[in-house]
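**Student:** Listed below, chain by chain, are the residues.
Number of protein chains: 2
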Amino acid sequence: MASRELNFWGWGYADRFPGRAKRLALAGQLGLALGFRAGMPRRPPRLDDVELRPPRATVPPALEAFSSADKRDRVVHTYGRSYRDIVRGFGGDFGPAPDFVCRPRDEDDVAAVLDWAGERDVAVVPFGGGTSVVGGVETDGEGRRGVVSLDLKGLDRVLEIDPVSRAARIQAGATGPAIESQLAAEGLTLRHFPQSFEFSTLGGWIATRAGGHFATVYTHIDDLVESIRSISPAGVLESRRLPASGAGPSPDRLMLGSEGTLGVITEAWMRVLPRPRYRSRASVLFDDFERAACAVRAVAQSGLHPSNCRLLDRREALLNRVVSDGSSVLILGFEAADLSVRDRLAQALRLAEELGGRCPDGALHREPGDRSRRDDAAGAWRQAFFDGPYLQSSLVSLGVLADPFETACTWDRFPALHQAVIRNVRVAMKEACGAGFLSCRFTHVYPDGPAPYYTFLAPARRGGELEQWAEIKRAASETLLEHGATITHHHAVGRTHRPWYERQAPAPFLDVLRAAKRTLDPEGILNPGVLIL
Amino acid sequence: MASRELNFWGWGYADRFPGRAKRLALAGQLGLALGFRAGMPRRPPRLDDVELRPPRATVPPALEAFSSADKRDRVVHTYGRSYRDIVRGFGGDFGPAPDFVCRPRDEDDVAAVLDWAGERDVAVVPFGGGTSVVGGVETDGEGRRGVVSLDLKGLDRVLEIDPVSRAARIQAGATGPAIESQLAAEGLTLRHFPQSFEFSTLGGWIATRAGGHFATVYTHIDDLVESIRSISPAGVLESRRLPASGAGPSPDRLMLGSEGTLGVITEAWMRVLPRPRYRSRASVLFDDFERAACAVRAVAQSGLHPSNCRLLDRREALLNRVVSDGSSVLILGFEAADLSVRDRLAQALRLAEELGGRCPDGALHREPGDRSRRDDAAGAWRQAFFDGPYLQSSLVSLGVLADPFETACTWDRFPALHQAVIRNVRVAMKEACGAGFLSCRFTHVYPDGPAPYYTFLAPARRGGELEQWAEIKRAASETLLEHGATITHHHAVGRTHRPWYERQAPAPFLDVLRAAKRTLDPEGILNPGVLIL
Numbered sequence: 006m007a008s009r010e011l012n013f014w015g016w017g018y019a020d021r022f023p024g025r026a027k028r029l030a031l032a033g034q035l036g037l038a039l040g041f042r043a044g045m046p047r048r049p050p051r052l053d054d055v056e057l058r059p060p061r062a063t064v065p066p067a068l069e070a071f072s073s074a075d076k077r078d079r080v081v082h083t084y085g086r087s088y089r090d091i092v093r094g095f096g097g098d099f100g101p102a103p104d105f106v107c108r109p110r111d112e113d114d115v116a117a118v119l120d121w122a123g124e125r126d127v128a129v130v131p132f133g134g135g136t137s138v139v140g141g142v143e144t145d146g147e148g149r150r151g152v153v154s155l156d157l158k159g160l161d162r163v164l165e166i167d168p169v170s171r172a173a174r175i176q177a178g179a180t181g182p183a184i185e186s187q188l189a190a191e192g193l194t195l196r197h198f199p200q201s202f203e204f205s206t207l208g209g210w211i212a213t214r215a216g217g218h219f220a221t222v223y224t225h226i227d228d229l230v231e232s233i234r235s236i237s238p239a240g241v242l243e244s245r246r247l248p249a250s251g252a253g254p255s256p257d258r259l260m261l262g263s264e265g266t267l268g269v270i271t272e273a274w275m276r277v278l279p280r281p282r283y284r285s286r287a288s289v290l291f292d293d294f295e296r297a298a299c300a301v302r303a304v305a306q307s308g309l310h311p312s313n314c315r316l317l318d319r320r321e322a323l324l325n326r327v328v329s330d331g332s333s334v335l336i337l338g339f340e341a342a343d344l345s346v347r348d349r350l351a352q353a354l355r356l357a358e359e360l361g362g363r364c365p366d367g368a369l370h371r372e373p374g375d376r377s378r379r380d381d382a383a384g385a386w387r388q389a390f391f392d393g394p395y396l397q398s399s400l401v402s403l404g405v406l407a408d409p410f411e412t413a414c415t416w417d418r419f420p421a422l423h424q425a426v427i428r429n430v431r432v433a434m435k436e437a438c439g440a441g442f443l444s445c446r447f448t449h450v451y452p453d454g455p456a457p458y459y460t461f462l463a464p465a466r467r468g469g470e471l472e473q474w475a476e477i478k479r480a481a482s483e484t485l486l487e488h489g490a491t492i493t494h495h496h497a498v499g500r501t502h503r504p505w506y507e508r509q510a511p512a513p514f515l516d517v518l519r520a521a522k523r524t525l526d527p528e529g530i531l532n533p534g535v536l537i538l
Numbered sequence: 006m007a008s009r010e011l012n013f014w015g016w017g018y019a020d021r022f023p024g025r026a027k028r029l030a031l032a033g034q035l036g037l038a039l040g041f042r043a044g045m046p047r048r049p050p051r052l053d054d055v056e057l058r059p060p061r062a063t064v065p066p067a068l069e070a071f072s073s074a075d076k077r078d079r080v081v082h083t084y085g086r087s088y089r090d091i092v093r094g095f096g097g098d099f100g101p102a103p104d105f106v107c108r109p110r111d112e113d114d115v116a117a118v119l120d121w122a123g124e125r126d127v128a129v130v131p132f133g134g135g136t137s138v139v140g141g142v143e144t145d146g147e148g149r150r151g152v153v154s155l156d157l158k159g160l161d162r163v164l165e166i167d168p169v170s171r172a173a174r175i176q177a178g179a180t181g182p183a184i185e186s187q188l189a190a191e192g193l194t195l196r197h198f199p200q201s202f203e204f205s206t207l208g209g210w211i212a213t214r215a216g217g218h219f220a221t222v223y224t225h226i227d228d229l230v231e232s233i234r235s236i237s238p239a240g241v242l243e244s245r246r247l248p249a250s251g252a253g254p255s256p257d258r259l260m261l262g263s264e265g266t267l268g269v270i271t272e273a274w275m276r277v278l279p280r281p282r283y284r285s286r287a288s289v290l291f292d293d294f295e296r297a298a299c300a301v302r303a304v305a306q307s308g309l310h311p312s313n314c315r316l317l318d319r320r321e322a323l324l325n326r327v328v329s330d331g332s333s334v335l336i337l338g339f340e341a342a343d344l345s346v347r348d349r350l351a352q353a354l355r356l357a358e359e360l361g362g363r364c365p366d367g368a369l370h371r372e373p374g375d376r377s378r379r380d381d382a383a384g385a386w387r388q389a390f391f392d393g394p395y396l397q398s399s400l401v402s403l404g405v406l407a408d409p410f411e412t413a414c415t416w417d418r419f420p421a422l423h424q425a426v427i428r429n430v431r432v433a434m435k436e437a438c439g440a441g442f443l444s445c446r447f448t449h450v451y452p453d454g455p456a457p458y459y460t461f462l463a464p465a466r467r468g469g470e471l472e473q474w475a476e477i478k479r480a481a482s483e484t485l486l487e488h489g490a491t492i493t494h495h496h497a498v499g500r501t502h503r504p505w506y507e508r509q510a511p512a513p514f515l516d517v518l519r520a521a522k523r524t525l526d527p528e529g530i531l532n533p534g535v536l537i538l
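Chains as they are written, first to last, in our numbering: chain S, 6 to 538; chain U, 6 to 538.
Looking at chain S on its own, in the form it has when it is part of the complex (with noise of 0.2 Å):
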């Protein structure tokens, strides 16, 4: 994987960004499902062209053997990537690039770039995907001297397994299919399948409280966590690993959601599981998106629990692939390593039948003995998923504007909000862009509400893409405050949600953050300007 060269201002790998063939073809296929014309395809910058600045800080010798300022390096860990990242990216503009990297080999490294960087007045960037989509690794240092971005891709080994109480010891800095190969071994499973899963890694994970592949019960990080251990200026935090605790309040919810502010993570005891053999899955099909979000409510509220309870409006089904002829989907699916989940899916089926939703493919049942293969809208809707950072880009290159945004709330506000985004997004896309796309999905739900993911797509004015989607953005994030929502589920605060969050947080407890902060980190070196400031 090492020698798979990265995209340095795009998503993913290099040699996946497609042709020019092959993104003129794209936007011929989108024009008609978009309702607005793509630009012709742009040419991708080239690394010689890009600039840096002198960097302010530069290489100690106690962190040479594990440094670099090499201008690849610098640039690769500037952004994040989200829309604006690769906007900027593309643009060939990296003037925030870190003045070097750091790629730790154990934890004395981290602890040696923090006592460094804590004496020379340098922020620290705890890097480990570079995935982010909320500005979370990108700083001018907010006032210090230089900026060093801390990656941790090095520690990527699972170091210790527990068959019996199904847990694992992994370092933070590895990746989803780091993970994955290693515990397959076991014939374990972490199943954490985030979108950016290929290259996101489990301290990311932690910091940002990601969403995971249960859509149900286990949806966030959060639920899979048993104990973290993480480094501070102020030492080494580490908590016991237990399967709950009733004593005081719980220290890893402190450092999930905490961004690289309060410590930087270095391994975490993680829930395993068995990989399941028993699958049971179906796609219900509904002629009306809110009497499928009804039944979705029902299924969620059930008791059922399922694994997959995934809903897509038409627009989303199309753009994806799963269905064309106007249904919203409701994937289902029920998976156990031990007994059968048929009765499960019948279950919920009958529920979803009863609201209104129709199930003409039937169930799929995978069982063990079972080879049958039989591809399904959950299949189609899989791939997709996986490949939509990958489209994003192929759309910057495109001029097409394109980024989603995500939040939660409870089931009785759900209805005003979706009609207010539906409304407000499109609003803003048309005076913005003057057309616009917008899907929506659910991507977790809870028995109390909805985790809506909504996507927009417009045309964007060359070198005014970043106010364009400033304005479409902020339309978004204002309707969710205004509508008792909140600014993110599951994408994290960062920079870019900071405003909404400051209204949406309590204030006290804002202040017991900065406190938290001013204890574990009183140089204020770690991450910056991120969450809170």
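Now the in silico label distances, taken between C-beta atoms and shown as ranges:
no., chain 1, residue 1, chain 2, residue 2, range
1, S, E359, U, D228, 22 to 32 Å
2, S, E359, U, A26, 58 to 68 Å
3, S, R125, U, A70, 57 to 67 Å
4, S, Q388, U, D366, 43 to 53 Å
5, S, Q388, U, D292, 43 to 53 Å
6, U, R508, S, G148, 34 to 44 Å
7, S, R355, U, A26, 55 to 65 Å
8, U, A342, S, D292, 26 to 36 Å
9, S, E147, U, P59, 54 to 64 Å
10, U, D113, S, G100, 49 to 59 Å
11, S, V432, U, R508, 57 to 67 Å
12, U, Q34, S, E358, 55 to 65 Å
13, U, D293, S, P420, 53 to 63 Å
14, S, S186, U, E359, 25 to 35 Å
Only part of the chain U face toward chain S is listed, based on derived beta-carbon distances under 7 Å:
no., residue
15, R171
16, R214
17, G240
18, S244
19, R245
20, P256
21, Y451
22, I492
23, Y506
24, Q509
25, A520
Keep in mind the hints are simulated off the structure, nothing from the lab.
Where a beta carbon is used, it is the ideal one built from N, C-alpha and C, also for glycine.
Go by the hints and put chain U onto chain S.
**Tutor:** Showing chain U alone in chain S's frame:
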């Protein structure tokens, strides 16, 4: 309810404390089960004989309308209901009685108490049901100039119900029965039944991370909280009502487990449920406790998520009159509002039977229209569960030392922990008391570990009970710490567990808690001495 008098020194209602003849009979019965003899019943204390020190602080005019320095009020608010508390109360010792008791009628009254106490340097102890078993409501003020008990039971209403999202806004002083009767009018239930249910309050449950009805998934009150509103000297801290969020560390998780040190919880939005109409349950007997624990692990790891999955060892089963043939008993139950849970019980029973369990009485199903009623082990257990605290008060009068301790650990550590607990606590009972009885049950179970709950009973030496108890408690607590378990799964830290909590919690996290305390309670008036110093 207000008219029924509480026992001022022991558990519950005064009229539930049995007379001499009944206690004499109890002593005889217990002698057979315990292997040692109880003492002769002693006469309980009379309130008239209790002497209190003069109050250090008197009720100021601003608080007069809702405060009382009445003797009975001060006595009833002196202690929780641990063994230590009952022994001291039975002896007529109410040394740490608060100076007076405030019963706020609304949040303004709460704020007025905090304002006055902050100015006068008086400690404020939030008080719900007063059922703490860890010294959670008892203080001499830790250097403050007085102590007031802030009894929140006047704030006892369900303020709002959202039937669509299945949530209710409930005042913090509402007791279990008050909550359930108000929700029942709408066909809903919170289904949180700690052993203290009859007296304890929502605010107390949240402040102490109480454990409830569900043995899996939604075990702690934490899981039922949608948002919390609290008042601290620094102001109101109210989180947004959300089914889930990824926006920074959870503010609710700061208040959950804060034990009255960071603010006074005044209300919360809680996740509620329609009352279950489908229930399936069964009791599974095992010859061997270790095999039974393996079966529980298989069920906990199956993904079936039973609502009841409680394992009693043979002594626990005997003591609670569930079965008396020397078997360990696993009580398994599933429940749902709208769909049958027969299949899930059948799947769980198959897992248990594969590991040596037998189910002589078969499964019991209760479904709409089914009026059959049958007694079974689960019913016997439930009665014994809620009678347990009353029994403890009787035992104190019979000179029997009786106290539980509880914990949680990962499955891999459980066998060694359990052996060490049995060995060390038996030795401690033998040394301190000359004899003793120790039983174990699992109150809650997780995919990665159980929450074992131990009860010890031993002959007490009159006047030496507290030293004997301290010796046994120390042996138990040291064993938990040494074997990687938590000092508490759901009884909280209070003052009793603080020495072990300070060793269990990561030191930098304790510093963060202290910083949070300085931020929200700069004068340090809120429940000083609990959790942290």
